[in-house]
Each structure stands twice: as C-alpha cells, then as structure tokens.
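Participant: One line per chain: the protein sequences are A and B, in this order. Numbered by full-length UniProt numbering, the letters in the first sequence go through residues 1 to 436 in order. Numbered by full-length UniProt numbering, the letters in the second sequence go through residues 1 to 436 in order.
Note that these hints are calculated values from the structure, not bench results. You can take every hint at face value.
It does not matter which identical chain is meant; a pair holds if it fits inside one copy or across any two.
Pairs of lysine-lysine residues, derived as PhoX-like cross-links and limited to a Cα-Cα distance of at most 20 Å, are as follows: (1) Lys119 / Lys12; (2) Lys52 / Lys191; (3) Lys191 / Lys273; (4) Lys123 / Lys12; (5) Lys306 / Lys119; (6) Lys52 / Lys434; (7) Lys306 / Lys123.
In this text the structure is predicted, and so the values were computed from the model without any measurement.
Now for the letters of each chain:
2 protein chains.
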Amino acid sequence: MRLSRAFLPTLKETPAEAQIASHRLMLRAGMVRQTSAGIYAWLPAGLRVLQKVGQIVREEQDRAGAQEILMPTIQNADLWRQSGRYEDYGEEMLRIKDRNQREMLFGPTNEEMVTDLFKDYAKSYRDLPRNLYHIQWKFRDERRPRFGVMRGREFLMKDAYSFDVNPEAAQHSYRQMFLAYLRTFARMGLKAIPMRADTGPIGGNLSHEFIILAETGESQVFVSQDLLDLDPLADTPDFAGDLAPHVDRWTQHYAATEEMHDEAAWSALAEGKRVSARGIEVGHIFYFGTKYSASMGLTVQGADGKPITPEMGSYGIGVSRLVGAIIEASHDEAGIIWPDAVAPFAAAILNLKAGDATCDALCEQLYAALGAEAVYDDRDARPGQKFAEADLCGYPWQAIIGPRGAANGRVELKRRATGERLDLSREDAIARIKRA
Amino acid sequence: MRLSRAFLPTLKETPAEAQIASHRLMLRAGMVRQTSAGIYAWLPAGLRVLQKVGQIVREEQDRAGAQEILMPTIQNADLWRQSGRYEDYGEEMLRIKDRNQREMLFGPTNEEMVTDLFKDYAKSYRDLPRNLYHIQWKFRDERRPRFGVMRGREFLMKDAYSFDVNPEAAQHSYRQMFLAYLRTFARMGLKAIPMRADTGPIGGNLSHEFIILAETGESQVFVSQDLLDLDPLADTPDFAGDLAPHVDRWTQHYAATEEMHDEAAWSALAEGKRVSARGIEVGHIFYFGTKYSASMGLTVQGADGKPITPEMGSYGIGVSRLVGAIIEASHDEAGIIWPDAVAPFAAAILNLKAGDATCDALCEQLYAALGAEAVYDDRDARPGQKFAEADLCGYPWQAIIGPRGAANGRVELKRRATGERLDLSREDAIARIKRA
Numbered sequence: 001m002r003l004s005r006a007f008l009p010t011l012k013e014t015p016a017e018a019q020i021a022s023h024r025l026m027l028r029a030g031m032v033r034q035t036s037a038g039i040y041a042w043l044p045a046g047l048r049v050l051q052k053v054g055q056i057v058r059e060e061q062d063r064a065g066a067q068e069i070l071m072p073t074i075q076n077a078d079l080w081r082q083s084g085r086y087e088d089y090g091e092e093m094l095r096i097k098d099r100n101q102r103e104m105l106f107g108p109t110n111e112e113m114v115t116d117l118f119k120d121y122a123k124s125y126r127d128l129p130r131n132l133y134h135i136q137w138k139f140r141d142e143r144r145p146r147f148g149v150m151r152g153r154e155f156l157m158k159d160a161y162s163f164d165v166n167p168e169a170a171q172h173s174y175r176q177m178f179l180a181y182l183r184t185f186a187r188m189g190l191k192a193i194p195m196r197a198d199t200g201p202i203g204g205n206l207s208h209e210f211i212i213l214a215e216t217g218e219s220q221v222f223v224s225q226d227l228l229d230l231d232p233l234a235d236t237p238d239f240a241g242d243l244a245p246h247v248d249r250w251t252q253h254y255a256a257t258e259e260m261h262d263e264a265a266w267s268a269l270a271e272g273k274r275v276s277a278r279g280i281e282v283g284h285i286f287y288f289g290t291k292y293s294a295s296m297g298l299t300v301q302g303a304d305g306k307p308i309t310p311e312m313g314s315y316g317i318g319v320s321r322l323v324g325a326i327i328e329a330s331h332d333e334a335g336i337i338w339p340d341a342v343a344p345f346a347a348a349i350l351n352l353k354a355g356d357a358t359c360d361a362l363c364e365q366l367y368a369a370l371g372a373e374a375v376y377d378d379r380d381a382r383p384g385q386k387f388a389e390a391d392l393c394g395y396p397w398q399a400i401i402g403p404r405g406a407a408n409g410r411v412e413l414k415r416r417a418t419g420e421r422l423d424l425s426r427e428d429a430i431a432r433i434k435r436a
Numbered sequence: 001m002r003l004s005r006a007f008l009p010t011l012k013e014t015p016a017e018a019q020i021a022s023h024r025l026m027l028r029a030g031m032v033r034q035t036s037a038g039i040y041a042w043l044p045a046g047l048r049v050l051q052k053v054g055q056i057v058r059e060e061q062d063r064a065g066a067q068e069i070l071m072p073t074i075q076n077a078d079l080w081r082q083s084g085r086y087e088d089y090g091e092e093m094l095r096i097k098d099r100n101q102r103e104m105l106f107g108p109t110n111e112e113m114v115t116d117l118f119k120d121y122a123k124s125y126r127d128l129p130r131n132l133y134h135i136q137w138k139f140r141d142e143r144r145p146r147f148g149v150m151r152g153r154e155f156l157m158k159d160a161y162s163f164d165v166n167p168e169a170a171q172h173s174y175r176q177m178f179l180a181y182l183r184t185f186a187r188m189g190l191k192a193i194p195m196r197a198d199t200g201p202i203g204g205n206l207s208h209e210f211i212i213l214a215e216t217g218e219s220q221v222f223v224s225q226d227l228l229d230l231d232p233l234a235d236t237p238d239f240a241g242d243l244a245p246h247v248d249r250w251t252q253h254y255a256a257t258e259e260m261h262d263e264a265a266w267s268a269l270a271e272g273k274r275v276s277a278r279g280i281e282v283g284h285i286f287y288f289g290t291k292y293s294a295s296m297g298l299t300v301q302g303a304d305g306k307p308i309t310p311e312m313g314s315y316g317i318g319v320s321r322l323v324g325a326i327i328e329a330s331h332d333e334a335g336i337i338w339p340d341a342v343a344p345f346a347a348a349i350l351n352l353k354a355g356d357a358t359c360d361a362l363c364e365q366l367y368a369a370l371g372a373e374a375v376y377d378d379r380d381a382r383p384g385q386k387f388a389e390a391d392l393c394g395y396p397w398q399a400i401i402g403p404r405g406a407a408n409g410r411v412e413l414k415r416r417a418t419g420e421r422l423d424l425s426r427e428d429a430i431a432r433i434k435r436a
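Working from the sequences, and respecting the hints, build out all of it.
Facilitator: This is how it looks when you write it as structure tokens:
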C-alpha cells in the first residue's frame with residue numbers, strides 16, 4: 001500500500017478516552033475508530049491484523065479436526081427459552097423485536113443455535129464425533145464498554161462446539177481444542193498459559209482459561225517457570241491419537257488465576273520457579289456434558305438402538321480481543337511491535353527523499369518485490385515523521401532508503417523489535433524480509 | 001473432507017418451503033439451514049462457496065484500487081438522522097434499543113457511517129480520491145423473506161464508497177467499479193450485463209445494475225447479442241488510466257430492464273440481435289454526488305484553500321445472494337453444477353467399494369494429493385447414492401474408483417458440467433483436476 005493513497009489515519013496525540021496501551025496505540029496507528037460506545041470500525045491496517053489472527057485460528061481449528069460453519073448474528077429468543085438462558089442472561093443480551101414483534105436477539109454465544117442445528121442432522125452414534133466452529137461477530141451489551149477492542153460490545157469470536165458419544169470421547173475433543181489453542185496463540189507470538197477455571201454461567205465441570213502475560217493485564221496470575229519454558233510448537237501432536245500425555249505436560253505444572261489460587265501448593269514450589277504476573281484472558285474452553293443437549297432435546301441412536309444424549313463442550317477465542325492483547329504483550333514507548341505472523345505489513349519502505357530519482361527507483365523495486373506485504377511511505381514528508389510513524393505502526397521491518405545508500409544500491413534494514421540495523425543489497429534486503 | 005466425518009447433511013426430499021431451484025438445491029446439498037424466517041446458518045460446503053465468492057470480490061476490489069475496511073453491524077440512529085434517512089427507511093430497518101435505551105439499528109447499508117468515518121480523516125484535497133469497501137453482514141427486515149439466500153433478511157454484502165474531488169474524478173471511480181464488477185462476475189462463471197437503472201432511495205443521477213441471465217430470473221431484461229458476446233476477462237484495464245473507452249464498449253449496446261425498456265430503440269436492433277430473457281440482479285452501482293457528504297458535513301480543503309464537498313458513489317454486490325444466483329444460472333435436474341472457481345470442492349472421490357484394500361489405497365492417494373479441495377466419499381454406502389449425492393452437490397469433477405479400475409490403477413473422471421468421462425492414470429487424474 002502506498003501511503004500517499006492509503007487510508008491509514010495515524011494520530012499524533014493520544015485520544016483522551018484511551019486508558020490502556022493497546023487502545024491508545026490502535027487509535028494512534030489508525031487501526032480502528034470507535035463508531036458508538038464499545039463498537040469499532042476496523043480500518044485497513046487493523047483489518048489486516050484481524051484477518052491474519054482469524055486465519056491462524058482457522059488453520060489450527062481445521063488441523064485439530066473442527067469444521068467451519070457460519071451461524072447468523074440474529075437469533076430467535078425461543079431457542080434461548082428452551083435452554084432456560086433467555087431470562088438468565090440479563091441486560092448484556094441485546095434484545096430485539098422484528099417488524100412482526102417477534103422476539104429476537106443479537107447472539108452473545110451460540111450453544112443453543114448449534115445444538116438445534118446439529119439436532120436436525122445427527123440421528124445415529126455414527127454421526128459423532130463432530131466439532132463445529134464459526135468465526136462471527138457477537139454482541140454483549142457491556143454496562144461499561146472500555147479498553148477499546150479488549151472489552152467492546154460488538155466483537156469477533158471464534159466459538160467451537162463438540163458433540164460426542166460419551167464422556168471419554170468428549171474428553172478427547174476437549175484435549176484437541178486444548179492443544180489447538182496452545183498452537184494458535186504460539187503462532188501469534190504469544191505465550192499463553194492454560195489455567196483451570198470456574199465454568200460460570202455456561203455450566204459444566206471442566207474448564208480452562210488461556211491467559212497471556214502482559215504487564216497491563218487485567219488479573220493477577222501465578223504460574224510455574226517450568227510451564228513458561230514449554231514450547232507448544234516443538235512438536236505437532238497426532239490429533240486423532242492419544243492426546244492425554246500431551247495435555248499432561250501442561251497441566252502437571254502449577255498455574256492459577258487469583259480466583260483459583262492455592263497458597264499451599266504455590267508455597268511448595270521452589271522459589272525460583274514462582275512467577276507471579278499480570279495476565280489477559282484470550283481463550284476459554286468448557287466441557288459441560290449434556291447441559292444443552294438434554295435441555296434442547298438432542299439425542300442420537302446408540303449402537304444398541306437406545307437413545308444417547310451427546311456430551312458437549314464449547315471453546316472460545318476472542319479474535320478481535322486478541323488484536324489488543326497482542327499489542328498489550330508487545331509494544332514499547334514508540335509504539336506497537338508486531339510479531340511477524342500477525343503484522344499488518346511485513347515491512348515499511350521509507351523513502352527519505354521522495355522525488356529523488358534514485359531513491360524513488362530503488363523504493364519502487366522493493367515495493368514491486370514485496371507486493372501486498374509492504375507499505376510504501378512515498379509521501380513528501382520529513383524523515384523524522386516517517387521513522388516515528390513506522391515505529392508507531394510496528395511493522396517488523398523498516399527498509400530505509402536515503403540518497404547516499406540508494407546511489408550505491410544499499411538498503412538499511414531496521415528490525416523494529418530489536419533496533420538492529422543491517423546494511424544490505426536490494427536482493428538481500430528483500431530476501432531477509434521475506435524470510436521472517 | 002471425509003464424508004464419514006463431515007457435517008454435510010444432504011436431503012433426499014425437497015423441503016416444502018423452497019420455491020426456487022437455488023433454495024431447493026442449497027437445502028438438499030446441505031449448504032445452509034434456515035434458523036429463523038429469512039436467516040440462515042451456512043454449513044461447511046455452503047460456507048466454502050461463500051468464502052470463495054467473497055475472495056474473488058475482494059481481489060477485484062483491491063485490483064481496482066479500493067481499500068478494505070470493516071464497519072460494525074450495529075449503528076447509531078443519530079447518524080441516520082443526519083442524512084434524513086432514519087424515518088425514510090421504514091420497517092425494513094431493524095431498529096434496536098440498547099440497555100441504556102439508546103436508539104441503534106442493524107445496518108442495512110453504510111453510506112452514513114462511512115461518510116462519518118471519512119470525515120474524521122480527510123482534511124485536504126490530497127486525501128482524495130479514496131474508495132473504501134467492506135464485506136459485512138447486513139439486515140433488512142423484508143416483509144416477506146423468501147427464495148432462500150436470494151432474499152434473506154440477514155445477508156452478506158460487499159459495499160464500496162468512493163470519495164472524489166470533483167464529478168470527473170468521481171466518474172473515474174465509478175468506471176473503476178463498473179469494470180471491476182464485470183471481472184468479478186466473469187471470474188465466477190457468470191455472464192453479468194450492466195444495465196442503466198433508476199437510482200431509487202439512494203439518490204443521485206447515474207446508476208447501473210448488473211444482471212445475470214437465468215431462466216428462473218426475477219425480472220425481464222432486454223439485451224443485444226453483441227453485449228453478450230463481450231468477454232470482460234479478455235484484457236485487464238489499467239485502472240489508473242483512462243477507463244472511458246473500456247466502459248463504452250459495454251454501454252454502447254442496448255441493455256435494459258423492463259422498467260427502463262425503450263421499445264423504439266429495441267425495435268431498431270436487427271432481429272437476430274434481440275435477446276429477451278429473465279435476469280437476476282447481483283450488483284448495483286451508484287454515483288450520487290454530494291447527497292451524503294453535504295448532509296453529513298464532510299468537506300476538505302481544496303488546492304485554493306476553499307472548502308470542497310467530495311463527490312461520492314456507492315457500489316454493492318450481494319455476496320450471499322450470488323451463491324444462490326450462481327446456482328440459478330448453473331444447475332440441472334440432478335443438482336448443482338458449480339463453476340470451478342467457486343465450487344466448494346474441486347472434486348469428489350467416490351469409493352465404490354469402501355473396505356476393499358485396493359480401492360481404499362487408491363482413494364487415499366488421490367485424497368492426499370488433492371488435499372482440502374477434495375471431498376472423499378469413504379462411506380459404506382451404495383454406489384448409486386454416492387453418484388446421486390455428488391451430482392446433487394455439483395463438484396466439478398467426480399473421481400470414480402471401483403475394484404476393476406483400481407486393480408489397474410485407473411481412475412474414471414467424470415466432468416459434472418458435461419457428463420464427459422475420462423479413463424486416466426492416478427497421476428493424470430490428479431493433474432486434470434488441479435488444472436481446472
């Protein structure tokens with residue numbers, strides 16, 4: 001994208017309403033604009049991050065055997081009366097009447113709808129297991145929307161729902177999602193820690209939150225250093241095989257939110273292993289048995305001809321929230337520091353003397369080679385402004401092209417995360433950016 | 001996808017509520033399920049088509065110079081009061097009150113919101129031109145939702161909005177979209193005909209509908225055979241250059257809906273050139289000048305320091321509607337006939353004797369080679385059922401593998417559109433499917 005023609009409205013000043021780093025930086029870097037309280041429009045740079053985050057989520061859901069569907073945003077109130085949650089949900093549910101005065105709602109989650117859909121389809125135990133997910137906009141009418149996309153009212157969530165023939169099979173589905181989540185967050189450059197959690201209003205008896213560490217985190221967490229040292233990408237499990245040993249590697253170490261913290265177990269850890277830090281929740285998985293299948297009347301015929309009520313779980317990732325969470329975990333005074341996998345653009349090409357034929361030519365060559373993954377700062381602006389905005393927007397690489405270097409065909413490559421600078425030929429610079 | 005584990009609920013019987021071919025076939029092929037009147041969930045096969053259609057739309061918008069953003073579904077009523085459309089829109093607008101009794105609505109279109117967003121950004125004539133588009137779910141509370149996704153209440157639309165410094169520049173933006181639309185529909189295997197249209201409630205003075213021909217079309221259209229003979233993909237225009245000659249090639253021939261039909265001009269055509277047929281609207285473009293920029297208070301500073309009110313246009317494609325429209329244009333008695341570019345899967349692998357080691361092995365080899373673009377019918381079912389379902393679901397190729405052929409390493413490849421059958425080696429079959 002050429003900055004002279006881009007829709008990338010960066011701000012010099014920090015908007016007064018932004019209290020946390022990600023909110024401030026997303027506004028300043030022109031990623032989002034608020035259109036109503038807790039409701040945001042995603043501008044080109046922000047949308048590219050959102051799409052990359054969503055695509056990583058999708059790939060890891062598919063790898064774990066889940067199948068993508070897309071349920072609508074507007075649901076019938078009657079569905080929620082069947083599960084008994086229509087009244088329970090309270091004012092966070094955006095209730096709507098259509099032109100015929102039918103009671104509808106903007107879905108905050110989809111347990112009821114997916115169970116109803118699946119009921120239409122599944123007749124036999126042979127139709128199990130299935131895990132269906134979708135990535136769709138949800139609405140929760142927060143009393144105090146704040147922190148930008150971290151606690152918005154309209155937000156993008158990936159929610160998956162598993163259907164199994166018995167609790168053991170359901171446990172396998174749960175483990176598939178547990179491991180898929182670890183891979184998902186790791187691919188985004190995040191260290192996410194699974195922590196036992198209360199199941200809350202979704203119900204059920206097994207639940208983990210996935211929490212990333214960030215100084216600005218919303219809650220206190222307690223975690224063993226041994227857990228932090230594990231790498232989810234070190235090996236890819238066979239998702240059809242026995243996953244218990246893989247999950248046990250993670251659950252054997254101490255990790256707890258303040259809510260679930262056990263002071264005695266914590267004290268038993270060697271002091272050098274105790275890490276107490278702030279965390280941000282980015283995912284949550286639940287096994288809740290037959291809570292929805294039973295209330296919504298979902299049964300299938302078992303191998304013995306008798307009816308079975310499928311065991312279910314649900315698995316959520318806050319996709320739009322993740323964009324903010326990544327920034328909370330990765331920024332400095334100058335701006336955002338994007339992990340390569342989710343950066344809106346891999347590189348900014350900074351033309352320090354736009355209009356100079358040599359600089360222009362070298363920049364155009366780089367831009368042509370990098371294609372859609374580059375933003376080209378071709379504006380007639382001061383170098384200082386270009387540096388500051390590239391730092392603010394957090395592109396992993398800055399290809400800096402001034403008259404002296406350009407005369408020798410050299411590109412100065414700056415790595416945003418480390419400040420490291422390389423003096424490279426055009427070809428080497430392109431190769432280095434593409435390799436990341 | 002292995003059919004034994006897929007969520008692809010095909011139906012033998014035609015649901016009573018489905019009046020038109022696309023609605024019948026989308027339900028029978030397990031692409032969608034209605035969750036409320038005019039509101040649909042997209043199941044895996046349907047979603048894959050929706051995503052491919054959306055991606056083609058996206059690529060052609062990008063090619064023409066538009067930039068993708070994503071505006072929220074929920075809007076403030078106040079925005080619509082500024083343009084004066086809040087009352088005008090009538091009962092089709094889904095009006096909502098949030099927990100604080102603020103008046104909101106589920107956006108049926110985005111002229112107001114995008115103008116307001118752009119106002120925040122654009123200060124100078126140098127910030128023009130810009131064309132911003134998004135692909136987002138909309139809601140129109142149709143009095144009589146019907147015809148499946150062709151006239152649903154919640155639907156996916158691509159809407160683009162251009163901002164220009166004067167009418168000539170706006171005309172250029174209009175032409176960019178005109179030509180992008182022709183390419184978009186042609187890539188989906190559709191013959192779309194641009195027709196002069198009334199501007200209706202959006203206002204303005206220049207508008208074209210894009211209409212595809214289908215026997216089951218909703219309206220009568222009149223078009224010159226010379227127009228039908230043009231190929232939008234024959235050459236790629238330079239979207240930054242002069243587009244008038246490209247557009248003129250299309251507008252010089254007669255084409256009109258019943259509404260705009262001119263009997264005298266029609267009669268002047270040679271009889272062999274007159275094509276009268278049924279059509280379905282799949283896109284609509286508008287140039288409406290300063291209607292929204294003026295009412296919403298959008299001005300930028302001109303080169304002479306004086307304020308300019310930007311000239312605008314808007315450009316819509318019904319993305320979810322297109323899925324139905326493609327089926328209306330391409331099906332037969334047995335089911336859907338997908339154009340290659342938008343098929344949910346390129347090929348179905350039909351194992352005629354699941355459990356036979358030779359058949360299984362050959363099928364697995366094909367499946368491994370074709371990857372996510374193949375659906376593998378590995379079920380223990382009769383060949384007749386497998387043929388019928390593959391025809392119904394309309395995959396462009398069927399790789400038919402029975403014991404006799406498998407013993408010789410041969411694959412029978414059937415082309416869904418023509419019925420043509422090829423007897424090929426495994427390698428040639430894979431290459432043929434991938435080439436399409």
